[in-house]
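Modelling step: build the complete structure from the supplied sequences, incorporating the hints.
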Amino acid sequence: MSRAEERKQFERRRRGRNLALLAVLAVTVVLLYILPFVRMGGQ
Amino acid sequence: MSPPAVTGTFEADPAPSAPGAFARAALTWEGGASAGDYVALLKPRVMSLVVFTGLVGLYLAPGALHPFLAAIAVLCIAVGAGASGAINMWYDRDIDALMTRTMNRPIPAGRVAPENALAFGVVLAAGSVLLMGVAVNWAAAGLLALTIGFYVFVYTAWLKRRTPQNIVIGGASGAFPPMIGWAAVTGDVSLAPVLLFLLIFMWTPPHFWALALYRAGDYAKAGVPMLPVVAGDRATRRQMLIYTVLLMPVALAPCFIGLSGPVYGAAALALSLGFLAHALRVNVDRRDADANNACAKRMFGFSILYLFGLFAMLVVDRALGIGW
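Going down the list, the sequences are from chains A and B.
Under our numbering, the first residue of the first sequence carries the number 1, and numbering increases by one thereafter.
Under our numbering, the first residue of the second sequence carries the number 1001, and numbering increases by one thereafter.
Read the hints as simulated data drawn from the structure, not as lab findings.
Computed from a prediction, not measured in an experiment: that's the story for all the values here.
By construction, the Cβ of each residue, glycine as well, lies at the ideal position given by its N, Cα and C atoms.
Some chain B residues flagged as far from chain A (calculated, every beta-carbon gap over 10 Å):
#: 1; residue: Tyr1059
#: 2; residue: Asn1104
#: 3; residue: Leu1118
#: 4; residue: Ala1119
#: 5; residue: Gly1142
#: 6; residue: Ala1220
#: 7; residue: Val1230
#: 8; residue: Leu1241
#: 9; residue: Gly1258
#: 10; residue: Leu1259
#: 11; residue: Ala1267
#: 12; residue: Leu1269
#: 13; residue: Asp1285
#: 14; residue: Ala1312
#: 15; residue: Val1316
In silico lysine to any residue, SDA-like type, Cα no more than 20 Å apart, as pairs:
#: 16; chain 1: B; residue 1: Lys1043; chain 2: A; residue 2: Leu21
#: 17; chain 1: B; residue 1: Lys1043; chain 2: A; residue 2: Ala20
#: 18; chain 1: B; residue 1: Lys1160; chain 2: B; residue 2: Leu1146
Put into structure tokens, the structure is as follows:
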């Protein structure tokens, strides 16, 4: 595999990891935002 | 706990870099890791069974839990189980590199750095327990922490490399999820979730030993004292039969404590007889050992169907609501 191909693959994988992390963080923020409303609503 | 030395083969450093190109280290470790590699660290196939049994515990428990909180409870069980898997892969990276079944895992294959896998596992473990405690209740969070701790410290670090009873005692960690699901709803533990725990606990030895029978060479190469390696095929097959027989009354017990009705009872009897037939065949068929343990492979496949079937039928039975 050439250097350019390696670089392309590296960038593709890093982008994938970053997008996955972004999705996880976004879901966590939404969960933690909704949680107090649900907990307080039940009391 | 001292982690084992790394003996796996890692990706070779790429060709000399041009000025201004990437750091070489980035291309060897993190450069090779995709998001999928991090998902693989969570052992998604094991996680599916854990999530399913946890979900059934949650469904069967008396009382009600807000659907949003139930979803969080299931998410925490899944993430906690995955975190245990990631820490297990970090600790076992030396033996994983020696076994055919595990040598392509992200750490021994050189795609994820061991310290990153450990950090990933620890953060997820702590996060799942904290979220369970804050969002659901601290009884379920405590059980989740116990499950993770049992799998990592008792099974992985203590028993796995020391005794052929590793999966018998260590199997407890895989048996906790329905109890966690139950505790998420009720905030405590009663006889019914203990029975669900026992069901998985008694199922684990014949399930794992069926796998170990046809993977004995792998385990021997890695120095893991699985029962077929230490006691031989014959003793393992006999033990599998004993546990399968002992499992039968446990599988039928939900009918006797009022947890389920005749629909589950009939299904549990049929599935248990099927499992027993597999165990008998593994013991009786002498050609099996020569035929690459084909019967053991079939029993391993059936064991997964068996546990899924039992827990699915508990749900079906409850949904139908047919009493004795």
